[in-house]
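Visitor: Guided by the hints, dock chain B onto chain L, whose structure is given.
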Amino acid sequence: MAVRPLHMHDGGIVERRLRPIYDWLDNGNNKKALQEAEKVLKKSPTLQAARALRALALFRLGKGPEAFAVLDALAEEKPSDDTTLQAMTITYRESQQFHKVCALYEAAVKVEPTSEELYSHLFMSYVRVGDHRSQQRAAMALYKFAPKNPYYFWAVMSIVLQAKSADDTAKKGILLSLAQRMVDNFITDKKMEAEQEARLYIMILELQEKWEDILKFVQSPLYGQLVPGSTAQACIPYLKKLGHWRKLNLLCKELLWDNQDRWDYYLPYFDSVFHLMKEPTSDSESTADDTAEKCHEFICQLVESISSGRRLRGPYLARLELWKRLSVDGDPTALLGSGMALCVQYLRVFANKPCAVPDLRPYIAMIPQQEREEHSRDFLTCLGFDENSEPETTDDIQRHVSCIGAWRLSAAPLDAAACVRLADTLRRHYVRAVQRGLLTATATELCATDLYGILAAHHYFYAAMRQQSSAPVMEAVCLLELVLHNSPANFHAKLLLVKLYHFLGNAASADSAYARLETKHVQLVSLGWLHAARLPPAAAPARALRLLADTAAFHAHHAKDCVEHQTYSYKYGTFEKLVELMAWSARLERCAWCAGAARERALLALLAGPPAPPAAPRRLPAAPADNRDLNVILNWDPPQCQDTNLKERTFEQEMDYLRLKDALVSAIALCIELSDGRPIENKQPQYEELKTCIEAFSTAIEKCKEKYSAPEKISISGPFPSRIIAFVNSEVPYRELYSWTLRIVGALAVNEVEDAHRCLQRGAQLLRQAAGELRAATTSTSTSTGGDRAWNMRDHLEKLSNYLEFIGIITYLLGVCNELIAPLNTKKSKKKTNQSPEEIKTSELLNRLNETVQDSITLLVDVFENWPQYEFKTTLHEEFPTIDLEKYQRPVEEKLKNGRLEMINDISFILKKKSKYLKSLIQ
Amino acid sequence: MTTIRPFNCEDMLKFNNVNLDPLTETYGLSFYTQYLAHWPEYFQVAESPNGEIMGYIMGKAEGHGENWHGHVTALTVSPDYRRLGLAATLMKILEDVSEKKKAYFVDLFVRVSNKVAINMYKNLGYIVYRTVLEYYSGDPDEDAYDMRKACSRDVNKKSVVPLAHPVRPEDVD
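Here the protein sequences line up with chains L and B, keeping their order. Each residue of the first sequence is one higher than the last, beginning at 2 in our numbering. Each residue of the second sequence is one higher than the last, beginning at 33 in our numbering.
Hint data in this document are derived by calculation from the structure and do not stem from the laboratory. There's no promise every hint is true.
What the hints assert, rightly or not - Derived DSS-like pairs: lysine-lysine, alpha-carbon spacing no greater than 30 Å straight-line: (1) L:Lys572 <-> B:Lys46; (2) L:Lys101 <-> L:Lys111; (3) L:Lys842 <-> L:Lys898; (4) L:Lys295 <-> L:Lys325; (5) L:Lys648 <-> B:Lys46; (6) L:Lys714 <-> B:Lys46; (7) L:Lys43 <-> L:Lys32; (8) B:Lys92 <-> L:Lys521.
Just chain L, same shape as in the assembly (with noise of 0.2 Å):
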């Protein structure tokens, strides 16, 4: 942000003298702006502005404390000037101490008591802390001298807002009657004028739930004066609330009359019909549609009066619509004919647009599994088509291509061999396309021919989880690369390749997907279940700690950003999207993945990073909020197959996971803290803490063993089974395993001898069983498969993962025990004798784990140089051998060829390091 005011007051000599300093600070040159301040400050070394931007500059220069000094000492001299106060703000902000800036600008207004300027700023300094009891106070004093509009309705907000965080509902009730009786004083003495602030009452009155008086109010010469145009919209929900049926049916025909394609027209207009389909007829006479036959008589005036020229799908989509609400408790076939031929007839007017399947999926659902798996080819064949058309034309393509979507949605899943043949047939349709021109993709549109590929794709996907092989997922992933070549703008291509790559374990293959992409900013979140949250689980944690680091950077900019707009908000008197704005930011504080991320992260450092203390993750929320777009795959599973409570379910296992994560994450915090040089009987809180700390995370996974022990689908839309599943079932004790391995630390840190070294026995047997396990594991995975190595890589190197992620974990506590005892070893290079026989016993068993966990490491080693290689085949060239005409270079096999050896070549370098620093800590 820039700090030079925007305008500066003071034309002469004071900003002459500190242009420069503003130069420097806003091209981020602290050093130079502290230089050029001390320069003005030897000139006039009272100067109030020249010393907070001093103080900002030495603040982001980190001095801290040196800057806060300056603070204080100007804060005592209760500056009012424009300049000083807003780079005080600037440096308070920057430093998230809001409350000081309320206090400075409370100072400030009493030396000007009637500044507009500063008590706008007194204001806002309260809207960013939150504080709208002070809020109203400032507004109101502000409106009393200067008697604006925006004022008034700030101090309305302000009480608006308190009245939805009061509990108590008298209080909320009284504070609700409060606001609107100051709006209605506004509107008697015809004060009113801007949209927002008839907004404003709306919302007031809607808190109430006096939904009369709002359709009153939206009804009046007042609304139509300050929001012209829209009364009729405006009225829709009301209508709504107050069951005026009969008004709500006439009205929505009247704006569906002029406004045929208006989807948010058509859904009240059938809550009303279906309202009057149950209620007494008062009026033979009455216009609205109170019974279905009306209703459709509505729509297919609709349909007539449409124009030749263009062809709306509101009313052709308003009949389907129509159907799917009657047959919940009916059968509409006696009016409407069956649904299935309505879909047909949907596809055959609209197949040629791109969007005629997506409007379709909700409609192909609502008529009955049978019917639909008997007639599902007449989708196929509506247009004389079949699965073996070859049209000639990009228009015909993309018919052709819908029809087969429909078909597929609605046709009974096919076994493995005919979803091979199908999926066949389709790649042929789209090389023959290519070959022939019918393509009409450029660097930035993809086009309909791309979507023979896609859908072979996902066809081969279901021949591969029937099969259980993983031969026709490499035809997949080799078929997408030549689309996305043909067509790289085709972002379907691209999302299939991320999942599919992650599919056969080759997390480089997937980045590189990934990159194409180009997420940013908000995406990071919506999509970071695709990928940055696979990366880990992939062993690829330079890859991920990328990602992860960019996802925390993202999640620490927002809040800042979302207080900005709230003051924003009130600038521009938006206040409905204040409110807006409050629960954005809320939400994406509570960030689930956010959270998750921060603590992938942490522990991932741990394995990757040098032995440092970990960075301490916020709080986990109290109600970590989904912000997973699930829905940018799309699938082309009939209903039946549609997973429909996939959202919810993975999202509690994905919470199950980061509460596991998190406890383990603050029990290391805590071994930490006790690690430090306190006396022992300062740490028993502490000790207790991690004590249950340990006995929850244990619970914890116990619990989740039970709840989690049938295994998931994997799906080609959805995220891959939570991590949870693998890291619950596992056959390494991690519950025993990470339980003792904080214990030692503990018991250590208090200097509790024997159950240090109870911990430290246990720790190494669990370690050595653990490894034995863990070889049994690899072997029995790498021999089982019939020799389709690529089918269980991704399982594989998720159960590896989980191993390596507690290697770098008790590595670095390893290191933390050492310092421990580290008092002890120095004593022990001088006065060797001295060490009593329990801390010579100490010694040694730390030893012994170490050794232990450096056989873990060799283990691991062994296990990753001889980690299988890909066994590449397609038949996609030899099929189509001319493709390699088209200066395409088969990228699959070098691809996957070259992950799989960065792969190998990152963790055996990361795990010599461990076993390295393990060395070092010897004794």
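Guide: Relative to the frame of chain L, chain B by itself:
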């Protein structure tokens, strides 16, 4: 078939099917929230019956005196919902808002290479007012057309008399 409604913050979590398109930029959060806080009526989304985002438009009102105008900051339609006239519908909304705000004209910037968009805007009544040299940074930088359409307030259509010479980005206010 479309629901037109104001864009809200939570739409940012589900606009991937629109924003993953390479010509649609995903901005930092504050860019969106700033528009929402300042010009909420200029930020509208079109939603399909199945709840997907079909496209959205974001814009603002700015300028002084006869330069007071509506500006299209971003207009995008998901590949699945193209060829339905949606961009025109969204532009019409922005133009209506600008009319209500008594703007003199509406303007927008477009890459000179984006022929599809340029043609669409021409069909909607926009003219190339001027060329802005190297407006889009990249390798190489690309020129932009500053396209305009007059509102009813500009009775004599003074705002849409094309400039003879191109301008530099720093000369665009």
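Visitor: A separate judgement is required for each hint: does it hold in the structure or not?
Guide: Going through the hints against the structure:
no.	hint	verdict
1	L:Lys572 <-> B:Lys46	29 Å, holds
2	L:Lys101 <-> L:Lys111	16 Å, holds
3	L:Lys842 <-> L:Lys898	48 Å, violated
4	L:Lys295 <-> L:Lys325	16 Å, holds
5	L:Lys648 <-> B:Lys46	14 Å, holds
6	L:Lys714 <-> B:Lys46	25 Å, holds
7	L:Lys43 <-> L:Lys32	17 Å, holds
8	B:Lys92 <-> L:Lys521	24 Å, holds
Of the hints listed earlier, the one the structure fails to meet is number 3.
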